[in-house]
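*Asks:* This is what each chain is made of:
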Amino acid sequence: EAGVTQFPSHSVIEKGQTVTLRCDPISGHDNLYWYRRVMGKEIKFLLHFVKESKQDESGMPNNRFLAERTGGTYSTLKVQPAELEDSGVYFCASSQVARNTGELFFGEGSRLTVL
Amino acid sequence: GENVEQHPSTLSVQEGDSAVIKCTYSDSASNYFPWYKQELGKGPQLIIDIRSNVGEKKDQRIAVTLNKTAKHFSLHITETQPEDSAVYFCAASKGRDTGFQKLVFGTGTRLLVSP
Chain W
58 EAGVTQFPSH SVIEKGQTVT LRCDPISGHD NLYWYRRVMG KEIKFLLHFV KESKQDESGM
118 PNNRFLAERT GGTYSTLKVQ PAELEDSGVY FCASSQVARN TGELFFGEGS RLTVL
Chain R
2 GENVEQHPST LSVQEGDSAV IKCTYSDSAS NYFPWYKQEL GKGPQLIIDI RSNVGEKKDQ
62 RIAVTLNKTA KHFSLHITET QPEDSAVYFC AASKGRDTGF QKLVFGTGTR LLVSP
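Residue numbers (this note's numbering), protein chains in the order written: chain W, 58 to 172; chain R, 2 to 116.
One chain only, chain R, in its complex shape (with noise of 0.2 Å):
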C-alpha cells in the first residue's frame, strides 16, 4: 500500500525566514497531494493542495511543488509569522475528484516560528 515519509520531524526558524517540509510518496498511483495544518487544541485544517496533472502552486505565502518522477511533493513557506506554528501533515491519496479521500498522511512536521 502507500507510504508517505515525511522530514523534518521538527523545524524551527526565525519570524521572517522560509520554511520547507518534504514529503516522499511510494505509490505512483496516487494523485491527490493535500496539506493539512494542525494548531494546538484543533484538528487539522486544509491549507493547499495540488494534483497530479500540476506541477506548483502558490497561495500568497505558501506554496506546493510535486516532482512525480521523483515521487515528492514539497510545501514551502515563505515570510514566516509566528502563527504559522503548528504542526503540518502532508498526505497522499488515489482518490478521484469524487469527493472520497482515503488520505495517507505522513507523521507531521512541528513548525515552530520565533519572533
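Here chain W stands alone, though its shape is the one from the complex (with noise of 0.2 Å):
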C-alpha cells in the first residue's frame, strides 16, 4: 500500500512568489491534515478535511494560505503571495476515520525556502 506523498520534495522561490503543495492521502484515508514546521520549532497544525470539507482551519497563518480538497482525494496548499516567513518544511498527514486507533500517517513533507 502506497503512503501519503507530498510534492514537490523541495520548492526554492522568491518572495512574492506563488507555490502550490500537493498531497495524495493514503487511499481510503478521508481525514487529510497539513502541519509545517519552521526550522527548529514545532510542527504546527494548519487545518483538518475531512473529504472534501474544511473541518478545521483554526491553524491557517494568514489569507496568503489556500488549501483545497477537491473531490475528497489529494490536496494542495497554495502560498500566495510568499513571504520570508513561510519558509519550513508542509507536512501532510492522512487517517481513516473509522478506526479509532488516533494515528496520523505522514508524507515525507515539501521543504519550502523563500528567498
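If you are wondering where the hints come from, they were derived from the structure by calculation, not from laboratory data.
Note that this is a predicted model, so its numbers are computed, not measured.
Treat the hints loosely; a few may be bogus.
[What the hints assert, rightly or not] In silico DMTMM-like links for lysine to aspartate or glutamate, alpha-carbon gap of 25 Å or less:
#, chain 1, residue 1, chain 2, residue 2
1, R, LYS69, W, GLU160
2, R, LYS95, W, ASP87
3, R, LYS103, W, GLU125
4, W, LYS98, R, ASP28
5, R, LYS103, W, GLU160
6, W, LYS111, R, GLU3
7, R, LYS103, W, GLU165
8, R, LYS95, R, GLU16
9, R, LYS43, R, ASP28
10, R, LYS43, W, ASP81
11, W, LYS101, R, GLU6
12, R, LYS58, W, GLU160
13, W, LYS98, R, GLU3
14, R, LYS103, R, GLU3
15, R, LYS38, W, GLU109
16, W, LYS72, W, GLU109
17, R, LYS43, W, GLU160
18, R, LYS72, W, GLU160
19, W, LYS98, R, GLU40
20, W, LYS98, R, GLU80
21, W, LYS101, R, ASP18
22, R, LYS58, W, ASP87
23, R, LYS43, W, GLU165
24, R, LYS43, R, GLU80
25, R, LYS103, W, GLU71
26, R, LYS59, W, ASP87
27, W, LYS101, R, ASP28
28, R, LYS38, W, GLU125
Mind assembling these two chains? They're in different frames, but the hints should get you there.
*Replies:* The structure is reproduced here in C-alpha cells:
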C-alpha cells in the first residue's frame, strides 16, 4: 500500500511568488491534515479536511494560504504571495475516520525556501 | 490553547545506554499523547502512544509514562541502538477516539546514539 506522498520535495522561490504544494493521502483515508515545521520549532497544525470539507482551519497563518481538497482525494496548499517567514517544511498526514487508533500517517514533507 | 514543552533538544548517548525524553503539557483536557520518530529524509512516524486512562505503556525497548496530575509524560528507550538515532516529537491532543487528531507537538529532540 502506498503511503502519503507529497510533491514537490523541495521548492525554492523568491518572495512574492506563488507556490502550490500537493498531497496524495493513503487511499481510503478521509481525514487529511496539513502541518508545518518552521526551522527548529514545533510541528504546527494548519488545517484538517474530512473528505472535501474543511473541518478545522484554525491553524492557517493568514489569507495568503489556501488549501483545497477537490473530490475528497488529493489536496493542494497554495501560498500566494510567499513571504520569508513561510519557509519551512510542510507535512501532510492522513488517517481513517473509522479506525479509532488515532495514528496519523505523515508524508515526507515539502521543504519550502523563500528567498 | 494547548502548549507542549519538550526537553532536551539534543541528546547524545552511547549504544546500549538508556535515553529519556520529557514533555509537559498545559491543557488538562488533553487525553491522548503520541510519540513520533522522524528519521532523516522521512516523515514523522508513530512509535508509541498513551491515553489518559493509562499510566504506563511498553513496547519492547520503548516505554511511555504519563503523570496526569503533573501534566508530564516521558519516552524511555532502553538498550539504545544506532538506528534509534532520529528526531523524536511528543504531542498532545484533546481528540476523542474518532480518528480526528489535532495534535500539538513539542519542539523535538534530536537523539544521537554512538556505536
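*Asks:* Which of the listed hints are broken here?
*Replies:* Failing hints, ascending: 8, 9, 15, 16, 20, 21, 22, 25, 26 and 28.
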